[in-house]
Amino acid sequence: MAGPLTLDRRSFGRLGIGVTAAAALGALPSSERRAEAAPAPAADAGTPIKVGILHSLSGTMAISETTLKDVMLMLIAQQNAKGGLLSRKLEAVVVDPASNWPLFAEKARQLLSVDKCAAVFGCWTSVSRKSVLPVFEELNGILFYPVQYEGQECSRNVFYTGAAPNQQAIPAVDYLMETEKVTRWVLAGTDYVYPRTTNQILEAYLKTKGVADADIMINYTPFGHSDWQSIIAQIKQFGSAGKKTAVVSTINGDANVPFYKELGNQGIKATDIPVVAFSVGEEELAGMDTKPLVGHLAAWNYFESVDTPENKAFIESWHSYIKNPKRTTNDPMEAHYIGFNMWLKAVEKAGTTDPNPVIDAAIGVAVPNLSGGYSSMMPNHHITKPVFIGEIEDDGQFNIVSQTPGLVVAQEWSPYVAETKDLIGDWRKPLACGAFNVKTSSCGAGGAKRA
Amino acid sequence: MIRGAALLLGLLLALGSASRAQAQDAYSLLASPSFDGIRQGVQELGRSGDSRALPIISALQDGELFARADHALFIRTASGFIDAKTGESAPDVTAAQLKKVRLNNPVREAIDQTLGSLRLFDPDPDRRRAAADAVFHAHDPLALSALDRAIAAERDPAVHRAMTEARAAALLSAPDASTQDKLASVDIIRARGGADSRAILEPLRDQPPPLGSAVAAAMRSIDQQLQFWGVIQSVYYGVSLGSVLLLAAAGLAITFGVMGVINMAHGEMVMLGAYAAFVVQQALGPAWTGTSIVLAVPAAFVISGGLGIVIERTLIRWLYGRPLETLLATWGVSLVLQQAVRSIFGPDNRPVQPPGWMSGDFHLGGLTLTLNRLVIIVFAALVLAGLMAVLRLTPLGLRMRAVTQNRTMAAAMGIATPWIDAFTFGLGSGVAGMAGVALSQIDNVSPNLGQSYIIDSFMVVVFGGVGNLWGTAIGALTLGIVNKFLEPVAGAVLGKIAVLVMVILFIQRKPRGLVPLRGRAAEA
Numbered sequence: 001m002a003g004p005l006t007l008d009r010r011s012f013g014r015l016g017i018g019v020t021a022a023a024a025l026g027a028l029p030s031s032e033r034r035a036e037a038a039p040a041p042a043a044d045a046g047t048p049i050k051v052g053i054l055h056s057l058s059g060t061m062a063i064s065e066t067t068l069k070d071v072m073l074m075l076i077a078q079q080n081a082k083g084g085l086l087s088r089k090l091e092a093v094v095v096d097p098a099s100n101w102p103l104f105a106e107k108a109r110q111l112l113s114v115d116k117c118a119a120v121f122g123c124w125t126s127v128s129r130k131s132v133l134p135v136f137e138e139l140n141g142i143l144f145y146p147v148q149y150e151g152q153e154c155s156r157n158v159f160y161t162g163a164a165p166n167q168q169a170i171p172a173v174d175y176l177m178e179t180e181k182v183t184r185w186v187l188a189g190t191d192y193v194y195p196r197t198t199n200q201i202l203e204a205y206l207k208t209k210g211v212a213d214a215d216i217m218i219n220y221t222p223f224g225h226s227d228w229q230s231i232i233a234q235i236k237q238f239g240s241a242g243k244k245t246a247v248v249s250t251i252n253g254d255a256n257v258p259f260y261k262e263l264g265n266q267g268i269k270a271t272d273i274p275v276v277a278f279s280v281g282e283e284e285l286a287g288m289d290t291k292p293l294v295g296h297l298a299a300w301n302y303f304e305s306v307d308t309p310e311n312k313a314f315i316e317s318w319h320s321y322i323k324n325p326k327r328t329t330n331d332p333m334e335a336h337y338i339g340f341n342m343w344l345k346a347v348e349k350a351g352t353t354d355p356n357p358v359i360d361a362a363i364g365v366a367v368p369n370l371s372g373g374y375s376s377m378m379p380n381h382h383i384t385k386p387v388f389i390g391e392i393e394d395d396g397q398f399n400i401v402s403q404t405p406g407l408v409v410a411q412e413w414s415p416y417v418a419e420t421k422d423l424i425g426d427w428r429k430p431l432a433c434g435a436f437n438v439k440t441s442s443c444g445a446g447g448a449k450r451a
Numbered sequence: 001m002i003r004g005a006a007l008l009l010g011l012l013l014a015l016g017s018a019s020r021a022q023a024q025d026a027y028s029l030l031a032s033p034s035f036d037g038i039r040q041g042v043q044e045l046g047r048s049g050d051s052r053a054l055p056i057i058s059a060l061q062d063g064e065l066f067a068r069a070d071h072a073l074f075i076r077t078a079s080g081f082i083d084a085k086t087g088e089s090a091p092d093v094t095a096a097q098l099k100k101v102r103l104n105n106p107v108r109e110a111i112d113q114t115l116g117s118l119r120l121f122d123p124d125p126d127r128r129r130a131a132a133d134a135v136f137h138a139h140d141p142l143a144l145s146a147l148d149r150a151i152a153a154e155r156d157p158a159v160h161r162a163m164t165e166a167r168a169a170a171l172l173s174a175p176d177a178s179t180q181d182k183l184a185s186v187d188i189i190r191a192r193g194g195a196d197s198r199a200i201l202e203p204l205r206d207q208p209p210p211l212g213s214a215v216a217a218a219m220r221s222i223d224q225q226l227q228f229w230g231v232i233q234s235v236y237y238g239v240s241l242g243s244v245l246l247l248a249a250a251g252l253a254i255t256f257g258v259m260g261v262i263n264m265a266h267g268e269m270v271m272l273g274a275y276a277a278f279v280v281q282q283a284l285g286p287a288w289t290g291t292s293i294v295l296a297v298p299a300a301f302v303i304s305g306g307l308g309i310v311i312e313r314t315l316i317r318w319l320y321g322r323p324l325e326t327l328l329a330t331w332g333v334s335l336v337l338q339q340a341v342r343s344i345f346g347p348d349n350r351p352v353q354p355p356g357w358m359s360g361d362f363h364l365g366g367l368t369l370t371l372n373r374l375v376i377i378v379f380a381a382l383v384l385a386g387l388m389a390v391l392r393l394t395p396l397g398l399r400m401r402a403v404t405q406n407r408t409m410a411a412a413m414g415i416a417t418p419w420i421d422a423f424t425f426g427l428g429s430g431v432a433g434m435a436g437v438a439l440s441q442i443d444n445v446s447p448n449l450g451q452s453y454i455i456d457s458f459m460v461v462v463f464g465g466v467g468n469l470w471g472t473a474i475g476a477l478t479l480g481i482v483n484k485f486l487e488p489v490a491g492a493v494l495g496k497i498a499v500l501v502m503v504i505l506f507i508q509r510k511p512r513g514l515v516p517l518r519g520r521a522a523e524a
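As they're listed, the protein sequences go chains F and W. All residue numbers for the first sequence refer to this note's numbering, where the first residue is 1 and numbers rise by one. All residue numbers for the second sequence refer to this note's numbering, where the first residue is 1 and numbers rise by one.
One thing to keep in mind: the hints can contain errors.
[Said to hold, decoys possible] Just a few of them, taken from the derived set where beta-carbon distance is under 7 Å, the chain F residues facing chain W:
hint, residue
1, Q229
2, A270
3, P415
If you're looking for bench data, these hints aren't it; they were derived computationally from the structure. Note that the Cβ used here is the ideal one computed from N, Cα and C, for glycine as well.
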């Protein structure tokens, strides 16, 4: 990246072990590999490998998830054009869970036990992931989950290719603290599990940085909240205490448009009270007039404006696949791109699509991401990612103003929350535990049982 | 004004040679790759007094400033690049050699502040006023000398006042100013009032008396004032939310209130109206943004109303008197319409650009009134008045009332009741469509738009009193205002729950709502 690095390298030392750690993992000794690398049974040879796509194509979440279904179909078509996997074709099985959380579990069960999918790519909201988690654990399936989320989970059957809080929220807060000298914080979110957990972590983190209680305001709004007048007036008032104030927004999907419209209406510019959002990307901005929003921020692990040959090629193939040069690309799309390639590599490494060997083989796999580096699957089933901070531009794209110096390793269990600060997830044998307590040396539940 | 410009020119000439070296640094800083360097460059250039400072920083603000690899700066204009340092055109420079000088928020802040002090001498009084506000906001003591000169030259009383206030703010941040001056400044800031003034005083509260106590007194006075205006502002927000609720519910007041059809597809009629606004705007092109939204109102009425008639003729007329089946059937229709729109327009939000005359805000005392909300309040009032006029003054309205009050008698008088049913349903749906045009200005235009209003609409109609338009209007305003007063205290989630509980309790006591129908019609 040509972008200037305005962040202090030290601030990420703790968060990012960096490329070295990722590279080291790539060379993990994999005894499993030799043990499991039996040739695929002959009966499978001609039949296609099924890949499940579990994204809502109708209902509230269709706005975000339909694109991910399309990007998966594109990736599968591309892989088939290259000759498929283990000399078999890939076949996509698309189901529509219709933004209905219990239906997610039903459809997941169908994908695993009826269609016998080798891997499933899907879910967006945390509640949909929590809903399918028991199914994947019971039937020993593989789920690749592409969206930034609140962390505090580590299941053996899930690979989290989106960001954990320390790969998005905490670097964003650090940026505001260091570059924009923010000392007063509004944590505004939609009232559900992701914002609540993220804000709990952020609040604890801000307090470790010496921010007083009086300088933190937490506000929750219902899903699809559309009348923001009084809340924005409240934020404006909170911001007039003579200290630089910023809003950390975990406001979800549909409520964002009226939120930003009202922000523009009440004349709050990014230079007065900057808003940094974790759920607003290129796709969400496509429906908005971004001129009044210039300078407000978003933190992601990928922006469409990332200037690398890999990204250029990805955008071109996306535009030609979707036959619309105006369609944007976004962070969860990149997560699927990485996750899909990781799965391919893991299957090739394991020599089979059976879940157990693939799950073991996936750890340590490194594939190129779209920002010019390699992302690796870590033992905690999360991936290493660079973190970018972008400012909204008047054309609906992001101007990247900051980037972490190396890749950041995910902290699946937050060290800022008392109940989880001693937990680690490590699915390598012999530990093979999603929530290992380093103080008591005991293994708790990392996935469905905890949820 | 001319004197101001002449003064500036003389000053620049005097300063010019002395700070040439400083300006050179500023140029290379502006071309540096780090945001911090660019920010310092802006500040240095602003202070250097270089005559090119204003055009260069303005170009940077507009994103038209470019740097070459050798740190030379160029400004992009309609007729090609010009050399930033000399202002002469540079015909041999091409875009490929240049990199845009990038901005981030700290740079933008520096630009605002620097342009503020540079534009204090602008010939246009509005720009001088804006500049004074920017300087007030920055309250940088370094701007004091420029402010003094600008104040001496200023003839426009409003601008003069803004500059004096900016000077007071800057003076309060100056460490070496005398207590006397600071006390005078506190008075000026106190008289100005508002949240911005409070933000300037806040850091000075811990100063020893007399300054500290003067600041505390000024803050108390400002707080009182803010509290007073805050209440009025909340009422305005409430009226604004109430007008949105009224718009969403007005159509339902006809279909549910007057006809008694539980129409779960009502929200989708609103959604179709919003999409009509989008389609009309796309069809007319960007040059017609201002008029397209006006033209979209009748278009939305026709589309939603027409569809309403079709739904009534094909579905609802078979289900009169069977509320449960109507509920399920219209719920099905709503899902079909949502998915149809999703298939045609895609699942993502569609942008409906706000027309120029609906953007911006104006201040009335301590109130901030945003224009788009104000337009929606007026529009809601007009829709209500129009609906009442149709119901009371037109033959169609007369027949509608006759049919809903006594169907058999109306039929006996020769009224074609099936067609009146269809038109009534069409009218209700059409009004919902018009509401959609208004909502396209404040909410998402997405297939889910209708869902978020259907519950609120039913609540308003039931609370206000079924079958009564006045009740719907009063109900909508009451719910809006109560909601906006609860929201800051209880939070948006709890506020909503509290309102719901209140409505339920109210309906328990008064099942016929706020403004119940009286007389024989009520028993029908």
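Against the structure, the hints come out as follows:
1. Q229: 4 Å, holds
2. A270: 5 Å, holds
3. P415: Where the cut-off is 7 Å and the nearest Cβ of chain W is about 29 Å from P415/F, the hint is violated.
The structure does not agree with numbered hint 3 stated previously, though it agrees with all others.
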